[in-house]
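S.K.: Chains as they are written, first to last, in this note's numbering: chain P, 55 to 389; chain C, 871 to 1105.
Quick caveat, the hints were computed from the structure, so don't treat them as lab data.
Treat each hint with caution, since some may be false.
As the list claims (entries may be wrong) - Listed next, with one range per pair, are the computed distances between beta-carbon atoms: (1) C:1096 / P:138: 52 to 60 Å; (2) C:965 / P:293: 38 to 46 Å; (3) C:954 / P:218: 49 to 57 Å; (4) C:992 / P:191: 28 to 36 Å; (5) C:1097 / P:55: 41 to 49 Å; (6) P:59 / C:1095: 36 to 44 Å; (7) C:1069 / P:252: 37 to 45 Å; (8) P:225 / C:1028: 37 to 45 Å; (9) P:252 / C:954: 44 to 52 Å; (10) C:986 / P:162: 54 to 62 Å; (11) C:1069 / P:76: 19 to 27 Å; (12) C:1096 / P:191: 19 to 27 Å; (13) P:155 / C:1029: 19 to 27 Å.
What the hints assert, rightly or not - Distance condition first, Cα-Cα at most 25 Å in a straight line; then the derived SDA-like pairs of lysine to any residue: (14) P:349 / C:920; (15) P:179 / C:1054; (16) P:349 / C:938; (17) C:1039 / P:258; (18) P:256 / C:1056; (19) C:1039 / C:1082; (20) C:1039 / P:349; (21) C:1039 / P:188; (22) P:349 / C:923; (23) P:179 / C:1075; (24) P:59 / P:103; (25) P:226 / P:340; (26) P:256 / C:1036; (27) P:349 / C:922; (28) P:349 / C:1036; (29) P:198 / C:1073; (30) P:256 / C:1057; (31) P:179 / P:198; (32) C:1039 / P:226; (33) P:349 / C:939; (34) P:179 / C:1035; (35) P:179 / C:1082; (36) P:179 / C:943; (37) P:256 / P:267; (38) C:1039 / P:193; (39) P:349 / C:942; (40) P:349 / C:884.
Note that CB positions come from ideal geometry on N, CA and C, so glycine has one too.
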Amino acid sequence: MRALKVIRAGPQMSVQDMGREGHLAFGLSRGGAADRLALWEGAALLGQSESCAALEMAGMGGVFEAAEDMRIALSGAPMAAAIDGVPVAWNASHSLAQGEHLSIGAARAGCYGYLHVGGGFDTEKRLGARAAHLVARIGGVVQKGDELPVAEDKGTRTGLTLPEPGRFKGGKVRLVPSVQTELFSAAELRRFGHTVFRRDAKGNRMGVRFVPEGDSFASEAGLSVLSEVIVPGDVQITGDGTPFVLLSECQTTGGYPRIGAVIPADLPRVAQAAPGVELRFEFMALEAAREIERKEAARRAGLGRTAQPLVRDPKDIPNLASYHLISGVTDGNAR
Amino acid sequence: MSGVRDSRWPMIRDAGFDGLLVSFGDTLGEAANRAALAFRAAVEAARIDGVTETSTSLVSTYVKFDPLSHPHETMRADLEQLLAKRDWFEARLPEGRRLWRIPTVFDGGRLGEAASAAGLSADEAVEQLSTARLRVQTIGFMPGMPYLGELSEAWDIPRQTELTAEVPKGGLCVAIRQLVLFPVATPTGWRQVGQTDFELFAPEREEPFLLRAGDEAIFEAVDVLGPEATYEEIE
Chain P
55 MRALKVIRAG PQMSVQDMGR EGHLAFGLSR GGAADRLALW EGAALLGQSE SCAALEMAGM
115 GGVFEAAEDM RIALSGAPMA AAIDGVPVAW NASHSLAQGE HLSIGAARAG CYGYLHVGGG
175 FDTEKRLGAR AAHLVARIGG VVQKGDELPV AEDKGTRTGL TLPEPGRFKG GKVRLVPSVQ
235 TELFSAAELR RFGHTVFRRD AKGNRMGVRF VPEGDSFASE AGLSVLSEVI VPGDVQITGD
295 GTPFVLLSEC QTTGGYPRIG AVIPADLPRV AQAAPGVELR FEFMALEAAR EIERKEAARR
355 AGLGRTAQPL VRDPKDIPNL ASYHLISGVT DGNAR
Chain C
871 MSGVRDSRWP MIRDAGFDGL LVSFGDTLGE AANRAALAFR AAVEAARIDG VTETSTSLVS
931 TYVKFDPLSH PHETMRADLE QLLAKRDWFE ARLPEGRRLW RIPTVFDGGR LGEAASAAGL
991 SADEAVEQLS TARLRVQTIG FMPGMPYLGE LSEAWDIPRQ TELTAEVPKG GLCVAIRQLV
1051 LFPVATPTGW RQVGQTDFEL FAPEREEPFL LRAGDEAIFE AVDVLGPEAT YEEIE
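If we strip away everything but chain C, and leave its shape as in the complex, we get:
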């Protein structure tokens, strides 16, 4: 779907009483994801009156505002004006992104099962997963939890139909060409392929959330957990 243009997008929709959702597609694609991230950065930079909070999903920018001081019509017009400024599908990713290297033990869990679903041997699977440079497409569901993509087409494997009772905190899981990393132990339908000790969210830490949408990550294979994750600024 990446790069495919459709006159329906971008589309602005009411999202409940005090939100607007600016969507750049209805299926996940690199261009739509990039557009959503870039547009959110632009909304933040424009400091539009009445906006109280913004965020992104995989392909949309969410804008929360106060409709009592800035009615929907005004807010919608402000966003339309900003949208018209450029082709957001061509926009560059926001500044200040980081490339993370996150030590990961690839074994156990459902690595073998995931590899065969992807038509790969376990070694090939680890080789691919541990070298792929992936983008944090969005953070959501749970505090600090990243959805990373896009893996090669071989990894377009469905989630399991039954839930795994508990994937440990720091568990790295795969499905539908994405990796997710869990901030807390949780039941999930995603197949676990690796384990990290990466603390995605710590409320008492100076930087409570480490990853931001738009950041990139490489899950580097290690034999034993211990080395700390590192990052460098991109560009």
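Just chain P, same shape as in the assembly:
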């Protein structure tokens, strides 16, 4: 079987794709990759559809063995990666030969790293998608000993890289008004836009909490808002006055007032903000957001054209070490 064997697994690895729409009325949120842009990037690196399922690794990767020759790509939060001990570039595509071991370490920045395979993972579709929805208990985390089936791969190219994504260190996140924005006074909204927030330790695929520098925030309605539909990107002001940004596995209704909604183009930046990272929110009008989303959609669709051949920096070529007789001793096990 064409598969990727899991030799060692980090604590929160799951197969993810773009998730499943159409079940909101039944209380099931879309789910799918926490950082959807990373799926587009992996697809661009392998020259395949962004709908291919990938392995999402929260904070920590694992060790994998190819049951057959395959292509891989690495995207999202940068993690240390090596093939049979030889370091390989993140944000790039590589070939992984049958029997070779790919090891992926902890995230150096950001939260969610992604391992893509040529053809995509061919795990069972449930309710129209392969994405595990951990909260709804659709599928589950990937564990040591699992063999993830891999679909047939029509592509052959590897050794490509994309321009540095740079969404792993917080920064500015743009919001549009939403259902309960008007429950917040103009002064409170202004202050929200001028406040620096720090990503709290509390966060997962459902959402992340941000702690303001300075006072917390309050709406005029307090906590007496009737439960309404909530979706990924919504920024709830919870009982303690801090914002909680909803991500892909959020619940489908919520009773906390929403101060605004993060535009889809900036949601990956929120999902990838690691604990302690600083972030600011900036309100914008819907028309302006539409222009941003239009450009972002075009940029995503053209990502493949921005892929460049990996240039190997001689200092990164570990084989060199075996020829490099600094101390006069070579490693007899070097490949």
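Go by the hints and put chain C onto chain P.
M.R.: Same frame as chain P, but now just chain C:
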């Protein structure tokens, strides 16, 4: 609040970048809930271009759409036109609803506590809860999870201030004139009054979600769980 008219409703509001929320009130009422369910059915039937998904909350219809192909102004105008077609507070509930009979063991948990909060004896409480024919007002929060109402005024009891560490899957809980049924074990502030073995959500099942908003249910008292829930089409 049921039946009270207010010129503010229905109200259309932007819900983030790609949604519109059509609300029929800001407090839960039978007419507003019915209006939201009927309007959602109408939006689905109208097959409005650009709409990607719809759902309802207690008193609102949510419409998700693609603003890049159908800008907000167009979508809002389409929804306004549909709203103007009739008085949605007078609308009938959508077709194809079901009446469910769900066997329930009423005991233990916080039944006694809930009954006294409602000013009833435990027997009176069970009598009321097991005979009430309730509407699924909305499905939400967790996959397949129904909010059912409306119970009599006696049941307008608050949620507990502390959370119960875990109500088992299939647990039936009460507060604020509503019953909720949990699809998975969960901590909650709602008081558990009964236990069912009703599988609200099973992703591998042909019909993954059993209940729909607008369905009705009676939680029939049984001594021991075992009999399966049954349903009949309404009308």
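S.K.: Next pair to validate is residue 256 of chain P with residue 1057 of chain C; report whether the Cα-Cα distance is within 25 Å.
M.R.: 18 Å, holds
S.K.: Regarding residue 1096 of chain C and residue 191 of chain P, is the given constraint of 19 to 27 Å on their beta-carbon distance met?
M.R.: With Cβ atoms ~24 Å apart, the hint holds.
S.K.: Is it true that residue 954 of chain C and residue 218 of chain P lie within 49 to 57 Å of each other by Cβ?
M.R.: 52 Å, holds
S.K.: For residue 349 of chain P and residue 942 of chain C, compute the direct alpha-carbon distance and say whether it is at most 25 Å.
M.R.: 18 Å, holds
S.K.: Straight-line Cα separation of residue 1039 of chain C and residue 188 of chain P no greater than 25 Å?
M.R.: Satisfied, since the Cα-Cα distance of roughly 16 Å is no more than 25 Å.
S.K.: Can the restraint linking residue 349 of chain P and residue 938 of chain C be considered satisfied, given a maximum Cα separation of 25 Å?
M.R.: At roughly 10 Å apart (the allowed maximum being 25 Å), residue 938 of chain C and residue 349 of chain P satisfy the hint.
S.K.: Between the alpha carbons of residue 349 of chain P and residue 884 of chain C, is the straight-line distance 25 Å or under?
M.R.: 22 Å, holds
S.K.: Against the 25 Å threshold, does the CA-CA distance of residue 179 of chain P and residue 1054 of chain C hold or violate the hint?
M.R.: At roughly 22 Å apart (the allowed maximum being 25 Å), residue 1054 of chain C and residue 179 of chain P satisfy the hint.
S.K.: Could you say whether the range 52 to 60 Å given as a hint is met by the Cβ separation of residue 1096 of chain C and residue 138 of chain P?
M.R.: 57 Å, holds
S.K.: Within a Cα-Cα threshold of 25 Å, do residue 1039 of chain C and residue 258 of chain P meet the stated pairing?
M.R.: Cα-Cα ~23 Å, so holds.
S.K.: Given the hint of 37 to 45 Å, is the C-beta distance from residue 1069 of chain C to residue 252 of chain P inside that range or not?
M.R.: 42 Å, holds
S.K.: Taking 25 Å as the top limit, are the C-alpha atoms of residue 256 of chain P and residue 267 of chain P close enough?
M.R.: 17 Å, holds
Going through the hint list in order, the structure does not satisfy hints 13, 20, 28, 32, 34, 36.
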